[in-house]
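**Student:** Going down the list, the sequences are from chains A and B. Just so we're aligned, residue 482 is where the first sequence starts under my numbering, counting upward by one. Just so we're aligned, residue 87 is where the second sequence starts under my numbering, counting upward by one.
Worth flagging that the hints you see were computed from the coordinates, not collected in a lab. Worth double-checking, as some hints may not be accurate.
Here are the simulated DSS-like pairs of lysine-lysine, each with C-alpha atoms no more than 30 Å apart in a straight line [what the hints assert, rightly or not]: (1) A:K494 to B:K128; (2) B:K128 to B:K144; (3) B:K135 to B:K155; (4) B:K154 to B:K135; (5) B:K144 to A:K507; (6) B:K144 to B:K154; (7) B:K135 to A:K494; (8) B:K128 to A:K507; (9) B:K144 to B:K155; (10) A:K494 to A:K507.
What the simulated footprint calls covered on chain B by chain A, stretch by stretch (three residues with Cβ under 8 Å from a Cβ of chain A suffice, anywhere in the stretch; the number is not a length) [said to hold, decoys possible]: (11) 125-138; (12) 190-196.
Since the model is a prediction, treat every value here as computed from it, not as a measurement. Backbone N, C-alpha and C fix where the C-beta goes; we use that ideal spot for every residue, glycine too.
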Amino acid sequence: DAGVTQSPTHLIKTRGQQVTLRCSPKSGHDTVSWYQQALGQGPQFIFQYYEEEERQRGNFPDRFSGHQFPNYSSELNVNALLLGDSALYLCASSWWGRQSDEQYFGPGTRLTVT
Amino acid sequence: AQSVTQLDSHVSVSEGTPVLLRCNYSSSYSPSLFWYVQHPNKGLQLLLKYTSAATLVKGINGFEAEFKKSETSFHLTKPSAHMSDAAEYFCVVSDPDGTASKLTFGTGTRLQVTL
Numbered sequence: 482d483a484g485v486t487q488s489p490t491h492l493i494k495t496r497g498q499q500v501t502l503r504c505s506p507k508s509g510h511d512t513v514s515w516y517q518q519a520l521g522q523g524p525q526f527i528f529q530y531y532e533e534e535e536r537q538r539g540n541f542p543d544r545f546s547g548h549q550f551p552n553y554s555s556e557l558n559v560n561a562l563l564l565g566d567s568a569l570y571l572c573a574s575s576w577w578g579r580q581s582d583e584q585y586f587g588p589g590t591r592l593t594v595t
Numbered sequence: 087a088q089s090v091t092q093l094d095s096h097v098s099v100s101e102g103t104p105v106l107l108r109c110n111y112s113s114s115y116s117p118s119l120f121w122y123v124q125h126p127n128k129g130l131q132l133l134l135k136y137t138s139a140a141t142l143v144k145g146i147n148g149f150e151a152e153f154k155k156s157e158t159s160f161h162l163t164k165p166s167a168h169m170s171d172a173a174e175y176f177c178v179v180s181d182p183d184g185t186a187s188k189l190t191f192g193t194g195t196r197l198q199v200t201l
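Only chain A is shown next, with the shape it has when bound in the complex (with noise of 0.2 Å):
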């Protein structure tokens, strides 16, 4: 039974590009959540997805954008991107409708902007 997966595991970008990630969740899962945990910090939530539609949004700017899919997979966009962004990201994969569930977290992708 694969967990949640993430790619890529490592990511360089430029101040002012735009970077995609990808999250496939546990199997079984129907909603995704992603969250930014940048260093020496706990991890922030940013939105989560359901039936291909966010559903909960943190406090983040409009840079950061997502996406789900019909296989219930994921993709983080954040646009013009600003040194304050380099963070580890994670994504988590639950069901919908069971909040004392836990989330199961992916390795995360380490994203560095310089």
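Starting from the structure of chain A, add chain B where the hints point.
**Tutor:** Quick look at chain B alone, frame taken from chain A:
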């Protein structure tokens, strides 16, 4: 809004001695609380969760936590630390919004285990 406060950013213990990582929460709802562990260059792994059943929750690797509503606390303990326990630990609260949920993380406690 829900939040968690981890009272120690860094805890150092000797191998074989007890571990205590402290967490206080704030919630308008009946909360779901979790402890996750993050080893260097690895993803987040669930240690245990509280979901309004038993107040004393047992997790993996000998960890347990007690939910105390009167103190709004959810401290993580382990009777005897092992070198492999050295990692970053996060206290987390689930913020349900209808059927959606987002996780709110504390700032983390780095556990150091010495010989």
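**Student:** Does each hint hold? Answer for all of them.
**Tutor:** Tested hints:
| no. | hint | verdict |
| --- | --- | --- |
| 1 | A:K494 to B:K128 | holds (22 Å) |
| 2 | B:K128 to B:K144 | holds (23 Å) |
| 3 | B:K135 to B:K155 | holds (15 Å) |
| 4 | B:K154 to B:K135 | holds (14 Å) |
| 5 | B:K144 to A:K507 | holds (24 Å) |
| 6 | B:K144 to B:K154 | holds (15 Å) |
| 7 | B:K135 to A:K494 | violated (37 Å) |
| 8 | B:K128 to A:K507 | holds (17 Å) |
| 9 | B:K144 to B:K155 | holds (17 Å) |
| 10 | A:K494 to A:K507 | holds (28 Å) |
| 11 | 125-138 | holds (count 8) |
| 12 | 190-196 | holds (count 5) |
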